[in-house]
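Peer 1: Here are the chains, one letter per residue:
Number of protein chains: 2
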Amino acid sequence: VSATNTAIREENPNWWADANSVSLDELGLAARNHGMPLEGLAYDVTPLGMHYLLTHFDVSEISEDTWSLEIGGHVEHPQRLTLEEISSRPRSTQVVTMECAGNGRARIAGRMKSQPWLEEAVGTASWTGTALWGLLESAGVKDGAVEVLFTGFDRGIQGGVEHDYERSIPVAEARRSEVILAYEINGRPLPPQHGFPLRVVVPDWYGMTNVKWLRSITVLKEPFRGFQQVTGYTIRTSPESPGIEVTKMQPRSLMIPPGIPEFVSRVRYATRSAQQLRGRAWSGLAPIARVEVSVDGGRTWDDAILGPPAGPHAWTPWSYSWEPREPGEYQLQSRATDAAGNGQPFLPVDADNPQGLANNGIHSVRVIVR
Amino acid sequence: VSATNTAIREENPNWWADANSVSLDELGLAARNHGMPLEGLAYDVTPLGMHYLLTHFDVSEISEDTWSLEIGGHVEHPQRLTLEEISSRPRSTQVVTMECAGNGRARIAGRMKSQPWLEEAVGTASWTGTALWGLLESAGVKDGAVEVLFTGFDRGIQGGVEHDYERSIPVAEARRSEVILAYEINGRPLPPQHGFPLRVVVPDWYGMTNVKWLRSITVLKEPFRGFQQVTGYTIRTSPESPGIEVTKMQPRSLMIPPGIPEFVSRVRYATRSAQQLRGRAWSGLAPIARVEVSVDGGRTWDDAILGPPAGPHAWTPWSYSWEPREPGEYQLQSRATDAAGNGQPFLPVDADNPQGLANNGIHSVRVIVR
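Chains A and B are the protein sequences, given in the same order. Start counting the first sequence at 1; every next residue gets the next number (our numbering). Start counting the second sequence at 1; every next residue gets the next number (our numbering).
Do not rely on the hints blindly, as some may be mistaken.
Partial list, derived from the structure: chain B residues whose beta carbon lies under 7 Å from chain A [unchecked claim]: (1) G28; (2) A42; (3) V45; (4) G49; (5) P261; (6) R272.
Stretches of chain A that chain B covers, calculated by requiring three or more beta carbons in the stretch to come under 8 Å of a beta carbon on chain B [claimed, not checked]: (7) 115 to 124; (8) 137 to 145; (9) 221 to 231; (10) 318 to 325.
What follows is a set of in silico ranges between Cβ atoms, one per label pair, in the way DEER data are often shown [what the hints assert, rightly or not]: (11) A:E245 <-> B:S364: 49 to 59 Å; (12) A:R89 <-> B:G159: 37 to 47 Å; (13) A:P327 <-> B:Q79: 34 to 44 Å; (14) A:E84 <-> B:R272: 20 to 30 Å; (15) B:Q331 <-> A:P345: 43 to 53 Å; (16) A:I368 <-> B:P242: 25 to 35 Å; (17) A:I244 <-> B:E70: 38 to 48 Å; (18) B:I260 <-> A:K142: 47 to 57 Å; (19) A:R80 <-> B:T271: 38 to 48 Å; (20) A:R89 <-> B:P308: 51 to 61 Å; (21) A:P242 <-> B:G187: 28 to 38 Å.
Quick caveat, the hints were computed from the structure, so don't treat them as lab data. Glycine included, each C-beta is placed from N, C-alpha and C at the ideal position.
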């Protein structure tokens with residue numbers, strides 16, 4: 001535990017989790033939210049209901065009849081739009097891999113209490129909506145705009161601060177044609193838990209960016225300083241520094257666990273026969289360039305074969321032939337490298353990241369070969 | 001801890017969970033499986049993706065092209081049917097509330113390790129398929145049949161025993177017209193995690209009965225004695241007795257937590273104003289006759305107003321007007337009684353039920369009124 005962690009810990013002692021177990025309040029989050037069972041890596045587009053889901057506060061209960069979206073702030077023509085008006089605009093479909101910024105957090109001994117993800121907080125969906133920038137252009141973005149703020153209907157208390165869930169992106173990101181306001185997932189209207197009637201989808205960014213249950217969009221002249229931007233999703237590297245805001249997804253690779261599971265431990269049991277290991281890898285920073293597999297706990301690595309991703313912002317499938325010849329215990333691992341040279345570390349997180357944000361430690365699967 | 005528990009515990013010490021925390025392997029189950037966020041109580045039929053989901057082993061990956069269902073055992077005409085043949089039979093839609101038999105388990109100090117549900121392991125779906133008995137009649141059930149066994153494609157190890165997931169129901173239950181082989185949920189084909197391409201749905205019974213990813217249906221002359229029937233879902237009341245098999249759902253009522261949540265603790269914050277408490281109650285034993293609400297931690301109880309259930313096997317909505325006048329902490333509770341007189345106990349489970357099966361303790365919501 002670093003000096004920073006110690007300082008933050010002393011500030012708020014009851015925000016910290018136990019090192020080797022999970023508390024009942026962390027379990028309360030795990031029971032509500034859910035990861036994607038790794039069998040879901042079999043699909044280009046994750047079936048509805050298997051995609052990971054994190055709800056900070058409550059799933060909002062919104063009637064389409066009374067809902068409308070407010071567009072305001074630093075624009076020429078503030079406006080209010082119905083869902084019908086939004087869905088009559090040009091349609092855009094984006095296949096997007098989305099991962100929670102806290103994926104892997106539960107493996108960190110010195111973590112702060114939050115949703116205790118192991119490694120399953122990911123999924124890929126086909127989102128349909130309309131381009132954000134087209135809508136903002138209609139409203140007339142004024143000179144001097146720096147960010148676009150998304151405010152949801154979900155409200156609660158976190159870190160002692162009561163607030164609506166809201167986050168911003170820079171104007172340069174908002175201009176990307178693939179950033180959409182989505183009203184459909186996998187070809188059907190958003191279900192309540194994915195943000196009905198409208199959410200923003202910002203490909204390549206971690207999940208917290210994709211604000212659900214949109215109430216308003218506000219063009220800002222100054223950077224947004226709200227809780228979910230500068231406290232909730234910021235890595236504090238020293239008590240004095242403002243910290244590093246979490247943005248795009250670091251590379252990660254996951255594997256469909258081979259063989260059959262033991263119910264409680266999820267340890268896998270496989271046979272001495274040729275089998276195909278399969279998984280998916282993604283990065284929000286650049287296309288996936290390489291996936292390597294180790295079947296000896298990381299001592300040696302071998303290249304996996306990559307398949308085509310389902311889209312420029314979707315994960316890349318990989319496969320690897322494995323034929324264990326000796327009975328015994330194997331630690332299978334995979335690691336991804338993207339075209340910009342970003343890789344995956346062995347350690348899940350450094351000591352100065354107690355929220356476990358944007359950590360991308362290597363996934364390990366324990367297999368007993370019989 | 002009773003003598004029975006002590007005996008079972010000494011047999012298999014590593015099957016037991018810690019009293020006041022959750023282990024990483026229990027968390028591994030909680031991250032894969034998920035309850036229904038209690039906001040889901042707002043809907044007659046739970047939106048797809050919010051319904052609780054427990055997968056014992058893996059989500060099976062099945063292609064409709066190669067799949068078929070085998071019907072055999074004690075029948076005149078063993079047969080093999082394609083999905084097309086099954087879905088061309090008479091259609092039946094059933095709105096069914098389904099709850100995991102282990103709901104509430106995580107609140108039990110002396111529990112065995114398993115999926116650590118708090119109270120959210122429930123959901124209601126509209127299932128469409130064809131009546132089981134019609135199909136069995138076509139196969140010609142022979143005299144002397146006592147049970148019908150359902151075998152899934154999911155295979156794994158539990159309690160040290162490797163097995164396919166399979167469970168049986170008595171022939172008298174199989175004859176009920178509302179017991180169906182379902183290929184649709186909420187009007188669309190089953191997604192993989194709900195048992196694609198076909199599962200059995202037995203209204204009123206706990207969730208483990210509703211075998212997913214069906215491979216075969218076998219009519220039996222002797223009761224089935226497999227792991228999931230006589231070990232996994234049996235309450236052992238003494239080391240000598242065979243125990244009590246878990247069957248139909250005990251009554252339970254849950255409440256949509258009012259106000260807004262604190263992110264980690266899920267403690268609720270509400271205002272001193274009139275508000276409508278809402279929830280749902282169900283029982284597999286008889287219709288819901290009464291729901292009572294306490295706003296003082298169970299000291300006094302008041303009748304809630306019941307609404308019409310969405311079907312004879314679906315939960316009953318209730319509502320209750322509450323206007324807290326003093327700031328402070330409130331414990332809100334609800335309890336259901338069914339028409340057969342079955343109620344809910346205060347304690348989640350007795351000491352002789354270490355798996356926490358069919359326990360139906362009263363749900364309590366902590367609310368801070370400001």
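Peer 1: Next step is simple, just say for each hint if it's right about the structure.
Peer 2: Going through the hints against the structure:
With a cut of 7 Å, the hint placing G28 of chain B at the interface with chain A holds, because the nearest CB-to-CB distance is about 5 Å. Among the interface hints, the one on A42 of chain B holds; its C-beta lies about 5 Å from the nearest C-beta in chain A, closer than the 7 Å criterion. Proximity of V45 of chain B to chain A is violated relative to the hint, the smallest CB-CB distance being about 11 Å (cut-off 7 Å). The interface hint given for G49 of chain B holds, since its Cβ lies 4 Å from the closest Cβ of chain A, which is under the 7 Å cut-off.
Below 7 Å, beta-carbon pairs count as interface contacts, and P261 of chain B has one with chain A at about 5 Å; its hint therefore holds. The restraint placing R272 of chain B at the interface with chain A is violated, with a minimum CB-CB distance near 16 Å, outside the 7 Å limit. Only when three residues or more bring their CB closer than 8 Å to a CB of chain B does the claim for the stretch 115 to 124 of chain A stand; here the count is 4, and the claim holds. Given as covered by chain B, the stretch 137 to 145 of chain A fails the check, having 0 residues with a CB less than 8 Å from a CB of that chain where 3 are the minimum.
Here the stretch 221 to 231 of chain A counts 0 residues with a CB under 8 Å from a CB of chain B, which misses the bar of 3, and the coverage is violated. Three residues within the 8 Å Cβ limit are the bar, and the stretch 318 to 325 of chain A against chain B gives 0, so the coverage statement is violated. For the pair E245 of chain A and S364 of chain B, the beta carbons lie near 38 Å from each other, so the given range of 49 to 59 Å is not met. Checking the proposed 37 to 47 Å range against R89 of chain A and G159 of chain B shows it is violated: the Cβ atoms sit about 56 Å from each other.
At about 40 Å, the CB distance of P327 of chain A to Q79 of chain B agrees with the hint of 34 to 44 Å. For E84 of chain A paired with R272 of chain B, a C-beta distance near 38 Å fails the hint of 20 to 30 Å. At about 46 Å, the beta-carbon gap between Q331 of chain B and P345 of chain A stays in the expected band of 43 to 53 Å. The supplied range of 25 to 35 Å is met by I368 of chain A and P242 of chain B, whose beta-carbon atoms lie about 32 Å from each other.
Checking the proposed 38 to 48 Å range against I244 of chain A and E70 of chain B shows it is violated: the Cβ atoms sit about 57 Å from each other. Take I260 of chain B and K142 of chain A: their Cβ atoms lie about 34 Å apart, and the range 47 to 57 Å is violated. Look at R80 of chain A against T271 of chain B: about 27 Å separates their beta carbons, and that is not inside 38 to 48 Å. Here the CB-CB span from R89 of chain A to P308 of chain B is close to 40 Å, at odds with the stated 51 to 61 Å.
Here the CB-CB span from P242 of chain A to G187 of chain B is close to 50 Å, at odds with the stated 28 to 38 Å.
Consistency note: the structure conflicts with the earlier hints numbered 3, 6, 8, 9, 10, 11, 12, 14, 17, 18, 19, 20 and 21.
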